[in-house]
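Please put together the full structure from these sequences, using the hints given.
Chain by chain, the residues:
There are 2 protein chains.
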Amino acid sequence: MMMNLEQLFWAKSVAVVGASTNPSKLGHVILKNIINGGYEGRVYPVNRAGGTLLDLPVYKNLNSIPGDLDLCVMVVPANFAPELIVEGAKKGAKGAVVISGGFREAGNEALEQALVDTARANGVRLIGPNCQGFNFLPNRLCVSWPLITARGAMAIISQSGTVAAALAGWCQDEHIGCSGIVSLGNQADLCETDFIEFFLGDASTQVICLYIEGVKNGRRFIQVCKGAIKPIVVLKSGRTPGGERAAITHTRSLMGKDAVFTGVCRQTGIVRVDTIESLYDLAKSVITIKPPSGNRLMIISSSGGAGIMAVDRAEMLGLEIPELPEELKQELRNGEFPRNMIINNPLDLTGDALAEHYARVAKIIDRYYVADSLLLIFGDPIPGAADALVGLKDKLGGSFCVSYLGGGEIEKEEVNSLLSRGISVYRTPERAVQALARSAPQYR
Amino acid sequence: MMMNLEQLFWAKSVAVVGASTNPSKLGHVILKNIINGGYEGRVYPVNRAGGTLLDLPVYKNLNSIPGDLDLCVMVVPANFAPELIVEGAKKGAKGAVVISGGFREAGNEALEQALVDTARANGVRLIGPNCQGFNFLPNRLCVSWPLITARGAMAIISQSGTVAAALAGWCQDEHIGCSGIVSLGNQADLCETDFIEFFLGDASTQVICLYIEGVKNGRRFIQVCKGAIKPIVVLKSGRTPGGERAAITHTRSLMGKDAVFTGVCRQTGIVRVDTIESLYDLAKSVITIKPPSGNRLMIISSSGGAGIMAVDRAEMLGLEIPELPEELKQELRNGEFPRNMIINNPLDLTGDALAEHYARVAKIIDRYYVADSLLLIFGDPIPGAADALVGLKDKLGGSFCVSYLGGGEIEKEEVNSLLSRGISVYRTPERAVQALARSAPQYR
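Residue numbers (this note's numbering), protein chains in the order written: chain A, 104 to 547; chain B, 104 to 547.
FYI, nobody ran anything at the bench for these hints, they're computed from the structure. What you are looking at is a predicted structure, and each value in this text was computed from that prediction instead of being measured. A portion of the hints provided could be inaccurate.
For identical chains, the list gives no copy identity; a pair is met inside one copy or between any two copies.
Unchecked claim - Below 25 angstroms or equal to it, Euclidean Cα-Cα: the simulated BS3-like pairs (lysine-lysine) are:
1) LYS128 - LYS515
2) LYS163 - LYS193
3) LYS135 - LYS515
4) LYS333 - LYS319
5) LYS393 - LYS466
6) LYS360 - LYS329
7) LYS393 - LYS329
8) LYS515 - LYS197
9) LYS135 - LYS197
10) LYS496 - LYS432
11) LYS197 - LYS115
12) LYS393 - LYS163
Next comes the structure, spelled out in structure tokens:
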């Protein structure tokens, strides 16, 4: 009864049962997002009231939809869901997304079981119930909210709709984009491992970002993750006794003790992080920083202080800060650089730094093979950073990133411009170093 | 020869020597910031070229300024600075800010010594040289950049102009505001401890935020900090061997081994943090969260997942997550709240949460004395948060803060609105918990 999830994510037609004229209702928001997301398949709003909605004819029931149906989205009271599965299956639907809550999480185990049984009996695979839906950018199919349209390489799978929405929002704001976003909900049928498997096979996904409170089937999870050909970054909450209790209340699924999960991470090679910001930073670094071939980090800064902060963090995380050889120093001394530049690692361009100085220093350093990765710290409102750095993409094997801070409005513009050109930017030197350190060989 | 720094910060007249017509030069930017910052004292641009600049008459030298002078700002080649100190002193200046670099940090120890000797001989106290100046908001005197005009209670003292500018920028963006910002530079005369002393006595300052790489006079630093009546939060870099070496290169002042400084923090009660974001978060929490009277944290969330993340972090940091007594649970059950609300700690209002639910739950909880602090997590785009929460300021002794995430554009609006009303907001539940934990009794 394994179904290829392709059919679900690449659905060519979608019905939204419970489509609503009230703009504050989910049955409205999701329909609108499917339309505004640019979905090119057929969209059928379903509501007993009929009429039209967002310029589409509303069907009174699934049965009255003309032609076949791939996917059935439900935003209806929980107890209607099982019979809708049957109706959808009759129209050919092989997938359903049950947004509605009111199942196991509300104590209604029997209703959830009935939903699963009905789905199984009718050959329908389920996302949810009690979930925020999914958004699959390659098919421009946003059966979810918020509407995220920026396409990228990060797949987000989350047991929390909020965490998914937060990560996706940051991806959108930072021009990183997503390949897909799945809100797991109760995982009555399809679970985190099914989606991991799907995104491992999805051509546009480069990294999988996972927020979970437990794992549904430990053995299968290990099996799939162990063979993963793409990095998987995971934030698992419920680590402390109180957190574990709260996790049980929240999703009523748990793999067991947190320590067990730590073992699973070691065994499978998936990377565990501690905070939602680290989860995002690390997944972003997979997409935007080429993995360095060694642990030696070169730092170029316009701010002495920020440079030192970076060294501290780098050494704490096991990176090396190589000394510069004399010939390299001499070449830098001979170049046209700020008068008071401190030629060292970190190299301090001082407050007289121009964007092109960074690029020129980086190119010289690249020729000496003294470092495996590069951190560029803009510690002043230096314009033109994005233009100057585009040419660096092949230097040091592309293993570089930027921290831009202390630059007021110019900072905001430049960061936006750098990110929109695919350059990896972090808010602070510490976070930038962390991103580089986690992609260095010591962590692989 | 101790001078009351009041005269410097509250200067009634300022000369900018090296005022420039070129908008990209510091001699222009600083003059413009003094004017645009709303400074109400007299401002004298000085430049040999004369003429007018930004609608002000330009004086050819300090001597030709009419009347007395309190403060002399220098943006000139380093070797001119000593004689300008003498000229300024003749006009009555008791303070000077030497923005210019080219002193000790560039290997010119003798010139720096001459500068200090001249200043001492003429009764002038110095900020810098090689610094980004200062901004004292109560006197609306921004002898620095960027121009920060939002007045608040955070004083920033920094050995790095970039770190100062970054912190100040975040204060401005988040409506936290600053009381003062000082870029220490080489500290040829006035050092970090002098400014700590000043801000401890400044009525508008509630917390002092310090970035340093070393301390100039350890004994005095300990003495002043030990008697501090306001919280001092410090980020000291140069922690690892490489960081220490870089710090020596950067400012050539060091107290000694990092471990010694850890001892100093313990002895004086100043709070040491690890990252620039923690430095900001913690100083912000001093201003925006009233210290809780105990370690018990109540969490109200619309997101189960975010609630669990908060519990994890709280327990890791030593906070307690109390169980709710049965009467309280009953009262909550009887109230008009979302149907599937999970009455527990964390209390999960679910995706049906409205802003007023948070306020009503908080008010009920306040009556039962079950918690000492409160974290409100908005895990959905919930409008009206700021309006609903204003009335909570006296609940749980004001010991509460907000994390708002996963809310797209509504999140951005609400966070801005919450912050502008003085409510403490953090980007993630983890950072919010950290802010509450650090203000709890266990850390005092």
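Hint-by-hint comparison with the structure:
With identical chains, the CA atoms of LYS128 and LYS515 are at most 25 angstroms apart between copies only, with a shortest distance of 21 angstroms across copies and 35 angstroms within one. When the C-alpha separation of LYS163 and LYS193 is checked against a cutoff of 25 angstroms, the pair qualifies only within one copy, where the shortest distance is 16 angstroms, while the shortest distance between copies is 90 angstroms. In this assembly of identical chains, the alpha carbons of LYS135 and LYS515 lie at most 25 angstroms apart only when taken from different copies (21 angstroms versus 31 angstroms within one copy). In this assembly of identical chains, the alpha carbons of LYS333 and LYS319 lie at most 25 angstroms apart only when taken from the same copy (21 angstroms versus 50 angstroms across copies).
Only within a single protomer do LYS393 and LYS466 lie at most 25 angstroms apart by alpha-carbon distance; the minimum there is 17 angstroms, versus 51 angstroms between protomers. For the identical chains of this complex, LYS360 and LYS329 are intra-copy neighbours only, at 20 angstroms inside a copy versus 44 angstroms across copies, given an alpha-carbon limit of 25 angstroms. With identical chains, the CA atoms of LYS393 and LYS329 are at most 25 angstroms apart within one copy only, with a shortest distance of 22 angstroms there and 48 angstroms across copies. In the homo-oligomer, the alpha carbons of LYS515 and LYS197 never lie at most 25 angstroms apart, since the shortest distance is 46 angstroms inside one protomer and 38 angstroms across protomers.
Taking the closest pair of Cα atoms, LYS135 and LYS197 come within 25 angstroms of each other only inside a single copy of the chain (23 angstroms); across copies the shortest separation is 66 angstroms, beyond that limit. In the homo-oligomer, the alpha carbons of LYS496 and LYS432 lie at most 25 angstroms apart inside one protomer (23 angstroms), although the nearest pairing across protomers, at 58 angstroms, exceeds that limit. Taking the closest pair of Cα atoms, LYS197 and LYS115 come within 25 angstroms of each other only inside a single copy of the chain (12 angstroms); across copies the shortest separation is 78 angstroms, beyond that limit. Taking identical chains as interchangeable, the C-alpha atoms of LYS393 and LYS163 are never at most 25 angstroms apart, the minima being 52 angstroms within one chain and 56 angstroms between chains.
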